[in-house]
Amino acid sequence: MKAVTFFLLFCVVSIATGCPQKLIRTKPSTNFSEDQLTSQINDYLKNRQIAYYCAINNKQVGFNYTDLKYTCGDGNVAPAIGEATAKRIRNEAIENGITAVNSVYSEFVDHLHTGRATGNFVADVIDLGLGAAVGITSGERALQILGVSLTAFRGGRKSVDSHFFKEQTMPILINKMDDNRSTVYASMLMKKSKPLDDYSMAEVIRDIVDYYNAGTLVRAITQLSKDTGEKANESAKKVLQLKNADPSMIVAVPFAVVEAGNKFTAFVISTSATLSGDTEKEVKDKITDNLRLIYRDLFAKDALKAKLAAFKIANPALKDNMDKLEKDDKTVPGKDILNILAMFYNSIKNVPADEKLIIEMTKSMEKYPLS
Amino acid sequence: MEKLHRPNLTVTQLQAECQFIQGLEHKLVHLQGAEYEIPVNDQNHFNKGDYTSVDGDFSKVPELVFKAINGPGDLVIAQADRTARGGYFIFHEKLYIQGGEKEVYGFGIV
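Line by line, the protein sequences give chains A and B.
Position 167, counted from 1, in the first sequence is what my numbering calls 174; the numbers after and before it change by one each time, with no gaps.
Position 55, counted from 1, in the second sequence is what my numbering calls 1206; the numbers after and before it change by one each time, with no gaps.
Think of the hints as simulated: they come from the structure by calculation, not from any bench.
A couple of the hints might just be wrong.
[As the list claims (entries may be wrong)] Okay, derived cross-link-like pairs now, DSS-like style, lysine-lysine, Cα gap no bigger than 25 Å in a straight line:
#1 A:K319 with A:K374
#2 A:K291 with B:K1218
#3 B:K1218 with A:K270
#4 B:K1218 with A:K250
#5 A:K370 with A:K312
#6 A:K270 with A:K374
#7 A:K244 with A:K94
#8 A:K244 with B:K1218
#9 B:K1178 with A:K244
#10 A:K326 with A:K291
#11 A:K270 with A:K199
#12 A:K288 with A:K312
#13 B:K1211 with A:K245
#14 A:K314 with A:K288
#15 A:K250 with B:K1211
#16 A:K293 with B:K1178
#17 A:K314 with A:K250
#18 A:K342 with B:K1253
[As the list claims (entries may be wrong)] Using C-beta positions, here's what the derived DEER-type ranges look like:
#19 B:D1201 with A:T190: 52 to 62 Å
#20 B:T1203 with A:P376: 43 to 53 Å
#21 B:G1237 with A:L203: 39 to 49 Å
#22 A:K370 with B:V1261: 22 to 32 Å
#23 A:D185 with B:E1153: 41 to 51 Å
#24 A:L75 with B:D1232: 16 to 26 Å
#25 A:S283 with B:A1235: 22 to 32 Å
#26 B:A1235 with A:K334: 41 to 51 Å
#27 A:G284 with B:D1232: 20 to 30 Å
In this text the structure is predicted, and so the values were computed from the model without any measurement.
Built from N, CA and C at the ideal position, the CB exists for glycine as well.
With the hints as constraints, model all of the structure from the sequences given.
Given below as structure tokens:
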């Protein structure tokens, strides 16, 4: 029966696709577009899918040798027989599906080899591939997908830039299609021995469609682009090769300073957010009070007092508020104190010789925690 | 602003050092290992950090998070972590970590 079915499919494919040489010389894609191919394969798969469900539900399955189709009877069979029949039908669909797709693919590759110079053919082929890809990505049901994929052969020519195709060399594209097809084929072979629950008929049909699409130019080009992209990414993950390094750009800050500095900046950023947010007035007042105390603590340290004096001269706009803080005047708003502390921190941080004072600033900050 | 970070730091130390360089004025925009033809202090490997000003708005200074990438799984985890924490991508490059080359993914949280 397998041989009969194979013969039927082979005939259908041959009749539907026509003479390869004629396709190359004239309009190959037009001949590919015979409705028969799509409908025959869809009919075949539909019949096998119905028979599969019939068998899996322990119904009697018959076979009509006239039209080579299964029929679903009313009688019941033992579950073991139903399961064995379903598995046989499923595997038969895989074999015949692969055979049908292989036939179409062989002819397609033939055309690619011989018809590359034919501009129309190139455009048609791209059109074909695009159509098939659209069919798959629109998420149709499995049986419909095959129809859409094969019907894509018929699609009218769109404004596809054939230069994209021409830039790829034919052997590379064909190798990539072979590679893609082998991957899907290997996966199908592995799944073929699986029980019905793990590899259903619906999945078989999806895989046949996938196997077909793996042999399209668009899939080959897409996969090649993806491979190239991955390689590009890999190469991007390399260190830079440069000529000269500017020694003044090298960071050599002691870790104690780094740690203290990061604590201080985190404190400034979070305090700023709290003062700007919908925080209760009582909390804001407490924060303002703490900021004032931090400033006064800094002012009490000799090394920092001198730096604050120099900073005040360099920033006259801050002088009034700094004077008030030094006199323990409590009228300076929290935001302004925080601004003074942030700017002072920046001035210290930007002078390598003063970096160690950051540790002192952080100690003062830690004396008056926010919470 | 460009800074060169030493090649012998751990990922955590490098992250802290970049955070320190950001301070309250800058944010890290890129970090990548760099091999220099002419050595400085007998060292020709550095991690080149590019920083840009936050124009006085220190609320725009991000908290930096660096993740070592040892395989594709680590990258997925790092990206998921970034998304979960509402972070934004900064770099994914080869850096010099503890003297050797290592792929590191870095993101910032504002």
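Now the hints, each set against the structure:
Proposed proximity of A:K319 and A:K374 is supported: the alpha carbons are some 24 Å apart, at most 25 Å. Between A:K291 and B:K1218 the alpha-carbon distance is near 36 Å, which puts this suggested pair outside the 25 Å criterion. Under the criterion of a C-alpha separation no larger than 25 Å, the hint pairing B:K1218 with A:K270 is consistent with the structure, at around 21 Å. Proposed proximity of B:K1218 and A:K250 is contradicted: the alpha carbons are some 28 Å apart, above 25 Å.
Distance restraint check for A:K370 and A:K312: the Cα-Cα separation of roughly 15 Å lies within the 25 Å cut-off, and the hinted pair is therefore satisfied. A distance of roughly 13 Å separates the Cα atoms of A:K270 and A:K374; the hinted pair therefore holds under the 25 Å criterion. A C-alpha spacing of about 48 Å is found between A:K244 and A:K94, which places the hinted pair above 25 Å, so the restraint is violated. With a C-alpha separation of about 15 Å, the suggested pair A:K244 and B:K1218 falls inside the 25 Å cut-off, and the hint holds.
For the proposed pair B:K1178 and A:K244, the alpha carbon gap of about 22 Å is at most 25 Å, so the pair holds. With a C-alpha separation of about 23 Å, the suggested pair A:K326 and A:K291 falls inside the 25 Å cut-off, and the hint holds. Restraint check: the Cα-Cα separation between A:K270 and A:K199 comes to about 61 Å, which exceeds 25 Å; the hinted pair is violated. Proximity of A:K288 to A:K312 is assessed by CA-CA distance (about 31 Å); at most 25 Å being required, the pair is judged violated.
For the suggested pair B:K1211 and A:K245, the alpha carbons sit about 29 Å apart, so the restraint of at most 25 Å is broken. Using a Cα cut-off of 25 Å, the hinted pair A:K314 and A:K288 is violated, with the two alpha carbons roughly 33 Å apart. At roughly 33 Å between alpha-carbon atoms, A:K250 and B:K1211 are farther apart than 25 Å, so this suggested pair is violated. Restraint check for A:K293 and B:K1178: the C-alpha separation of about 30 Å exceeds 25 Å, so the hint is violated.
A hinted pair counts as satisfied when its Cα atoms are at most 25 Å apart, and A:K314 with A:K250 does not qualify at roughly 39 Å. A C-alpha spacing of about 42 Å is found between A:K342 and B:K1253, which places the hinted pair above 25 Å, so the restraint is violated. Between B:D1201 and A:T190 the beta carbons are some 41 Å apart, a value that contradicts the proposed interval 52 to 62 Å. Against the hinted window of 43 to 53 Å, the Cβ-Cβ separation of B:T1203 and A:P376 comes to about 32 Å, which falls outside the hint.
Between B:G1237 and A:L203, the C-beta spacing of about 46 Å keeps the proposed range 39 to 49 Å intact. Here the CB-CB span from A:K370 to B:V1261 is close to 28 Å, well matched to the stated 22 to 32 Å. The hinted window of 41 to 51 Å between A:D185 and B:E1153 holds, with their beta carbons roughly 49 Å apart. Between A:L75 and B:D1232 the CB atoms are about 58 Å apart, so this pair departs from the stated range of 16 to 26 Å.
Restraint check, A:S283 to B:A1235: a C-beta distance of roughly 25 Å satisfies the suggested window 22 to 32 Å. Range check, B:A1235 to A:K334: Cβ separation about 49 Å, and the 41 to 51 Å hint holds. For the hinted restraint 20 to 30 Å between A:G284 and B:D1232, the CB-CB distance of approximately 26 Å keeps it satisfied.
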